[in-house]
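J.: Here is what each chain is made of, one letter per residue.
2 protein chains.
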Amino acid sequence: MSEPMMIVPLNTSDILKSAALRYPEQEIVSMLADLSVHRYSYAEAYKRSCRVANLLASAHLNQGDRIATLAVNHYRHLELYYGISGQGFVVHTLNARLFIEQLDYIINHAEDRWIFVDPELLPQLEALADKIPTVTRVIVLCAADQMPPSSNLTLECYETLLAAQSEQAIWPSLPSNTPCGLCYTSGTTGNPKGVLYEQGSTVLHAILSGGSQYLDFDEWSVAMPVVPMYHVVAWGVPFSAPIYGAKLVLPGCALTGPNLQTLIETEQVNQAFAVPTVWLTLHNYLQESGKGIESLAMVGVGGAASPKALVKIYAELYDVYWMGIWGMTETSPLATAANLTPQMDNLSDEDCYALQASAGKPIFGIEIEIFDAAGQALAHDGVTRGELRVRGPWVLASYFKGEGADSFVDGWFITGDVAVINDQGYMTVVDRSKDVIKSGGEWISSVALENVALDYPAVNEACVIAALHDKWDERPVMLITLRPGQAYDELALRALLQQRVAKWWLPDRIVVVQALPHTGTGKLRKMDVRDQYRHILLAE
Amino acid sequence: MSEPMMIVPLNTSDILKSAALRYPEQEIVSMLADLSVHRYSYAEAYKRSCRVANLLASAHLNQGDRIATLAVNHYRHLELYYGISGQGFVVHTLNARLFIEQLDYIINHAEDRWIFVDPELLPQLEALADKIPTVTRVIVLCAADQMPPSSNLTLECYETLLAAQSEQAIWPSLPSNTPCGLCYTSGTTGNPKGVLYEQGSTVLHAILSGGSQYLDFDEWSVAMPVVPMYHVVAWGVPFSAPIYGAKLVLPGCALTGPNLQTLIETEQVNQAFAVPTVWLTLHNYLQESGKGIESLAMVGVGGAASPKALVKIYAELYDVYWMGIWGMTETSPLATAANLTPQMDNLSDEDCYALQASAGKPIFGIEIEIFDAAGQALAHDGVTRGELRVRGPWVLASYFKGEGADSFVDGWFITGDVAVINDQGYMTVVDRSKDVIKSGGEWISSVALENVALDYPAVNEACVIAALHDKWDERPVMLITLRPGQAYDELALRALLQQRVAKWWLPDRIVVVQALPHTGTGKLRKMDVRDQYRHILLAE
Numbered sequence: 014m015s016e017p018m019m020i021v022p023l024n025t026s027d028i029l030k031s032a033a034l035r036y037p038e039q040e041i042v043s044m045l046a047d048l049s050v051h052r053y054s055y056a057e058a059y060k061r062s063c064r065v066a067n068l069l070a071s072a073h074l075n076q077g078d079r080i081a082t083l084a085v086n087h088y089r090h091l092e093l094y095y096g097i098s099g100q101g102f103v104v105h106t107l108n109a110r111l112f113i114e115q116l117d118y119i120i121n122h123a124e125d126r127w128i129f130v131d132p133e134l135l136p137q138l139e140a141l142a143d144k145i146p147t148v149t150r151v152i153v154l155c156a157a158d159q160m161p162p163s164s165n166l167t168l169e170c171y172e173t174l175l176a177a178q179s180e181q182a183i184w185p186s187l188p189s190n191t192p193c194g195l196c197y198t199s200g201t202t203g204n205p206k207g208v209l210y211e212q213g214s215t216v217l218h219a220i221l222s223g224g225s226q227y228l229d230f231d232e233w234s235v236a237m238p239v240v241p242m243y244h245v246v247a248w249g250v251p252f253s254a255p256i257y258g259a260k261l262v263l264p265g266c267a268l269t270g271p272n273l274q275t276l277i278e279t280e281q282v283n284q285a286f287a288v289p290t291v292w293l294t295l296h297n298y299l300q301e302s303g304k305g306i307e308s309l310a311m312v313g314v315g316g317a318a319s320p321k322a323l324v325k326i327y328a329e330l331y332d333v334y335w336m337g338i339w340g341m342t343e344t345s346p347l348a349t350a351a352n353l354t355p356q357m358d359n360l361s362d363e364d365c366y367a368l369q370a371s372a373g374k375p376i377f378g379i380e381i382e383i384f385d386a387a388g389q390a391l392a393h394d395g396v397t398r399g400e401l402r403v404r405g406p407w408v409l410a411s412y413f414k415g416e417g418a419d420s421f422v423d424g425w426f427i428t429g430d431v432a433v434i435n436d437q438g439y440m441t442v443v444d445r446s447k448d449v450i451k452s453g454g455e456w457i458s459s460v461a462l463e464n465v466a467l468d469y470p471a472v473n474e475a476c477v478i479a480a481l482h483d484k485w486d487e488r489p490v491m492l493i494t495l496r497p498g499q500a501y502d503e504l505a506l507r508a509l510l511q512q513r514v515a516k517w518w519l520p521d522r523i524v525v526v527q528a529l530p531h532t533g534t535g536k537l538r539k540m541d542v543r544d545q546y547r548h549i550l551l552a553e
Numbered sequence: 014m015s016e017p018m019m020i021v022p023l024n025t026s027d028i029l030k031s032a033a034l035r036y037p038e039q040e041i042v043s044m045l046a047d048l049s050v051h052r053y054s055y056a057e058a059y060k061r062s063c064r065v066a067n068l069l070a071s072a073h074l075n076q077g078d079r080i081a082t083l084a085v086n087h088y089r090h091l092e093l094y095y096g097i098s099g100q101g102f103v104v105h106t107l108n109a110r111l112f113i114e115q116l117d118y119i120i121n122h123a124e125d126r127w128i129f130v131d132p133e134l135l136p137q138l139e140a141l142a143d144k145i146p147t148v149t150r151v152i153v154l155c156a157a158d159q160m161p162p163s164s165n166l167t168l169e170c171y172e173t174l175l176a177a178q179s180e181q182a183i184w185p186s187l188p189s190n191t192p193c194g195l196c197y198t199s200g201t202t203g204n205p206k207g208v209l210y211e212q213g214s215t216v217l218h219a220i221l222s223g224g225s226q227y228l229d230f231d232e233w234s235v236a237m238p239v240v241p242m243y244h245v246v247a248w249g250v251p252f253s254a255p256i257y258g259a260k261l262v263l264p265g266c267a268l269t270g271p272n273l274q275t276l277i278e279t280e281q282v283n284q285a286f287a288v289p290t291v292w293l294t295l296h297n298y299l300q301e302s303g304k305g306i307e308s309l310a311m312v313g314v315g316g317a318a319s320p321k322a323l324v325k326i327y328a329e330l331y332d333v334y335w336m337g338i339w340g341m342t343e344t345s346p347l348a349t350a351a352n353l354t355p356q357m358d359n360l361s362d363e364d365c366y367a368l369q370a371s372a373g374k375p376i377f378g379i380e381i382e383i384f385d386a387a388g389q390a391l392a393h394d395g396v397t398r399g400e401l402r403v404r405g406p407w408v409l410a411s412y413f414k415g416e417g418a419d420s421f422v423d424g425w426f427i428t429g430d431v432a433v434i435n436d437q438g439y440m441t442v443v444d445r446s447k448d449v450i451k452s453g454g455e456w457i458s459s460v461a462l463e464n465v466a467l468d469y470p471a472v473n474e475a476c477v478i479a480a481l482h483d484k485w486d487e488r489p490v491m492l493i494t495l496r497p498g499q500a501y502d503e504l505a506l507r508a509l510l511q512q513r514v515a516k517w518w519l520p521d522r523i524v525v526v527q528a529l530p531h532t533g534t535g536k537l538r539k540m541d542v543r544d545q546y547r548h549i550l551l552a553e
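Line by line, the protein sequences are chains P and X. Position in the first sequence (from 1) plus 13 gives the number in our numbering. Position in the second sequence (from 1) plus 13 gives the number in our numbering.
A portion of the hints provided could be inaccurate.
Where chains are identical, the list cannot tell them apart; a pair therefore holds if satisfied intra-copy or between any two copies.
[Unchecked claim] Here are the computed lysine to aspartate or glutamate pairs in the DMTMM-like style, where the Cα-Cα straight-line distance is at most 20 Å:
no.	residue 1	residue 2
1	Lys536	Glu307
2	Lys451	Asp486
3	Lys60	Glu180
4	Lys206	Asp483
5	Lys60	Glu380
6	Lys304	Glu139
7	Lys325	Glu57
Hints were generated in silico from the structure; no laboratory data involved.
My request is simple: use the sequences and hints to build the entire structure.
T.: Put into C-alpha cells, the structure is as follows:
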C-alpha cells in the first residue's frame, strides 16, 4: 500500500526559503568587527544563501563533506549555515576560542574540505597552514578590498566568489537523517568528540525550541544570540528565529557591556541569549554607566548554572524575565526551559526566582530522568541527586565516527551532570559528575557553594573545586574574584555560607584571586583551576 | 555507520503524557448533552486515556484496526482520540450529521471493528444494526445508570469498561508512518473517500498549527473548538492545545447562540474555532440579547469563505481578531492562515479585514501554487485565477485503499479549489472548481457574488449557483435568506451588486427562500441547491 501522507522531509533550506516568502522585509542586523552595523532582509539573506549553495554545487565535493566555518556572529556566517547545509553538506562550526592544538585535532578529525574564515581569525589558521591536508580552499569572509595578506595560505574572497553565482538555487530534497551540522564538544577530558546533527533533528529542534512557551518567537520578536554561532549553532536561534519571522541581531565579536547595551537599545532587542557571565558583565556596565535596557523583556540563560542573585537583579532592576535553559552540544541543544507560567503568579518572588534559576522542565519531545549508580530511576522530590540522562529526537545517539560509546545506555544519553528533579518536573543541575566533591563518601555540591557565595555582595565570581585531602579524600576549596568598591571579609562570607549549607560542606580554604579562567564560551575553566589548586590542602 | 541522532518518533500518546507532566492542573471543560458542565484536568484525562488504551490492548484486535467514534465534542471523545491512536489503532471519527446511507457506506468501507457512540446518537447506529458486520462491539459513552435501551444492538457501558482497567499504560513506540486517524471527505461527488492520518503527520501538524503565529496556544489560552471533533479532528485543536498547555473547552452538541455565549463568558474563552455560519449565529444572538463576549480575542474561521462584512463586525463590535484559515480533510487540515502581522498596523481597517477574510499565507512546512489547465504555474498578482494545489508533510499522498488517484499529480494534491495568490503570498479561494459559473466561456465567481450580497443589510445568507442556460451554457442564480426586521428591496441589492462586480456577472434571478440547506459541519449544501434550481432559467 502506498504511504497515506506525503513524504516531504523538512530541510534547513525550507527555513530560510519560507522566511523569504513569508517575512521578506524582516531584518537581520549584524555588528561587524569594525563596530559598523550591517542590515539586510530575510529576502536578501535567502538570495545570498542560494549563491553559497551554487558555489558549493559547482565544486568537486561529495554530499556529506564537511565545510568548516571559523567565524563569529554575523550575516555571512548565517548565509553559510543555510547555503552549506541546504546543499547537502555539513556545516562544521569551528570554535574560535580553542587552543591551536585542539583546532588542529578537530579539523583533521572532521576532515574539513573548505574553511570559511573571518579576517580577524585568519592567524589561527595560518598557524596550522601545513597541518591540515584535507583542506583545499580557504575563503575569507570579506569584500575584495578588505582581503588580508597571508604568508602561508592561498586565500579566496567570499564576496568575489558569491558575485559569480546565481541568486536562485534548486535545493535538493534531503532525507531527514542527512547530516547537516557538526560541532565538537569542548572535551574537558580526552579529545574533543564530534556531534553530527541531521536535517530532521535540526528543523524539529528549531520548530519546537523557537515556538510558544520556549523562546516564543514571532514577528514582533527581536532576538539577539550573544552565544556564539560556533557554540552549538548559537543554541539553534539562527534556525528557529526565521521560522517565526523574528528579527535577528547578530552581535559579532564585540561582546562588551557598552556594545551589548548599545545594540539592545538601538535595535530594540527584546530577547537575548547568553551564558550567565555575559549578564553579569552587562549588569556591571549598566550600574557603572547608569544606562538602561528597556526593550529587553527576556533573557535565555544556559551553559552554566544561573546564580539566583542575578535572576533577582534582572527582575527587579531591569524588569527582565530570566529563563533558565539547559542543554548540551549533544542535545542540539535545547532540552529543558524554565519558561514563565501562570502558576508563577501564585509564588513569592523568591520562589519564582528559584524556578527561573533552575534548568526548567523538559520541552515537548524530550524526556529526562535521574538514576543511581545501579541504573535505577530516582525520586522526583527536589532533593535526591542522580545522574542525569536524556532522550529525544534531537539527542545524540552516537558520536561522530562512533567514539564515546560509553555515554549511551538503554536508549538514553548519559549527560555527565548530577541533577535533582522536583515534584513539578523542574530539574536543577547540581554538579558535573566530575565536579562533585566526594568527602568521606558523601557528596558536596560545588555549584551550591558557588551560588551562596554569589549572594555575598563583594563576590564577583566564585569557583569551588575538589582538592585532595589526606583524611576525607576530597574537600572543597573556594576561589573568588572580588567586586570593586565592595568590602570583603572572609568571616562574613563564612557566616553566610554557614547559614545556608551543612557545616561539613564549608570550604577548607577560601582564596581571593585576581581573575578566573574562562572557556571561549564564557564558562569557568574549572579543569584549569583544579589543576592549579588540587594539591593546596596536601601542601599544608 | 550508526545514526547520529536518536530515532524517537513522536507519537500522539506523547502529547497527552507530556501535558499531564507539564500542565497537570490545566483544565478540560465539556458541556454535556444535558447542558451540565464537566471539568477535569490533563492529569485525569491522561489516566483515563491509559484506561482506554488498556481496554483495547486486552482485546483481540490487530494493530491498525479501525475503531470508530460517533460522538460530539466532550472529554470522553478526547480520551478516545488518545487511547485509540496511542495504542496503535486508527481512531475513525464518524460524522454524526451524515445520512444513514453514507454512514452505512463509510463504516463498511473502513471495516470498523468497534464503535464508541454517544447515547443521543445511538438511533443512527440502530438503523444500521444488521448492515455493519465488521463491527463487533458497540460501547456507549455514558455511566452505567445512563445506559439507554436498544432493541437491536448489544450495548456495553464505557464507564463500566474503563473502571476495570488500570490507569497506567505502557505505550508502544510507533514509527512515524503508523496510521492513527481516519476521516472521510464529505463526498459531494461520488462516494466519500477516506483520509488516513499518520502518527508523524498528526504530531507535526499539531506542533506547527498550535504554535506561535498560527493558533498561538500557551498556558494562558482558553481554546474552544466549536468545529466538531468528527470533522477533521476539530481542525487538530484536541492534539495541538495539550502540547502548549492551553485550557480546552469542548462545547458538546449545543452550538446555539446562548450556549456559546455562556461558555465563552463563564470559561473565559479567548480563542474559538468554527465555520462562518456559527459566528453569524452568535452575532445575531448577541445583537438580540445585548450580551457580550469580552474574553474572546481571536476566532479561527475556515470551512467556507469568510464574509468580509462579518470580519468587520467582529473587529468593530466585539474587538475580536478574525483569522481566516484554510485547509481540507486531505491537509490535516491547517495549510494557510491569515494571522495578525506587524504590517497590518500600516493598513487601513478595510484592507486589514480583506486580508483576514482571505485564506492567509502557507504555514511553515506547506507549499501552495496555482496552475492553469495545462499545468503551468500562474502569476501571484491577486487577480489570476488557477487550480490550487498543495504539498507538505501533513498533506495526503493517497486516499484510503488507493481511491481517487486523479487528485495527485507531480507530488501535489489537487484541491479542487480555484484560487488567487497575491504578491504578499496571501491566498484567496474564489470558488470550488465545480462552483464556478462558466458563462459563454468566461468564469463567474459564485463566492464573490455571495460576499457582495452579504454586505446588503437584509441578506442573512446567500448562495449562488450555476443554472443551465440556453445561450450562455450557465448563468448565475442567487438564493438568499433574509434577516428579520430589515427591509428588503431587490433593486437595491442589484444596485449594490452592480457597483462591485462586472455587469455580465449579475445574477439572472434572485430568489428569496425561507432557509438554505447546510451540511453537518455548517457549510451550505450547494449540491442540493443546484439540484433544485439548476433548471430554473430553462423553464422560463
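J.: Treating 20 Å as the Cα threshold, decide for lysine 304 and glutamate 139: within, between, both or neither.
T.: neither (41 Å within a copy, 75 Å between copies)
J.: Have a look at lysine 536 and glutamate 307 and pick one of within, between, both or neither, based on CA distance no larger than 20 Å.
T.: Classified as neither; 27 Å inside a copy, 49 Å across copies.
J.: At most 20 Å between CA atoms: does that hold for lysine 206 and aspartate 483 within a copy, between copies, both, or neither?
T.: Intra 35 Å, inter 79 Å, cutoff 20 Å: neither.
J.: With identical chains, the pair lysine 60 and glutamate 380 could be close in the same copy or across copies; at 20 Å between alpha carbons, which is it: within, between, both, or neither?
T.: Answer is between; shortest inter-copy Cα gap is 19 Å, intra-copy 38 Å.
J.: Regarding lysine 325 and glutamate 57, is the shortest C-alpha distance of 20 Å or less found within a copy, between copies, in both, or in neither?
T.: Neither. Shortest intra-copy (40 Å) and inter-copy (35 Å) distances fail the 20 Å Cα cut-off.
J.: At 20 Å max between alpha carbons, let me know whether lysine 60 reaches glutamate 180 within a copy, between copies, both or neither.
T.: within (5 Å within a copy, 54 Å between copies)
J.: Cα distance capped at 20 Å. Does lysine 451 pair with aspartate 486 within a copy, between copies, both, or neither?
T.: Answer is within; shortest intra-copy Cα gap is 7 Å, inter-copy 91 Å.
In the structure shown, a violation is registered for the earlier hints numbered 1, 4, 6, 7, in ascending order.
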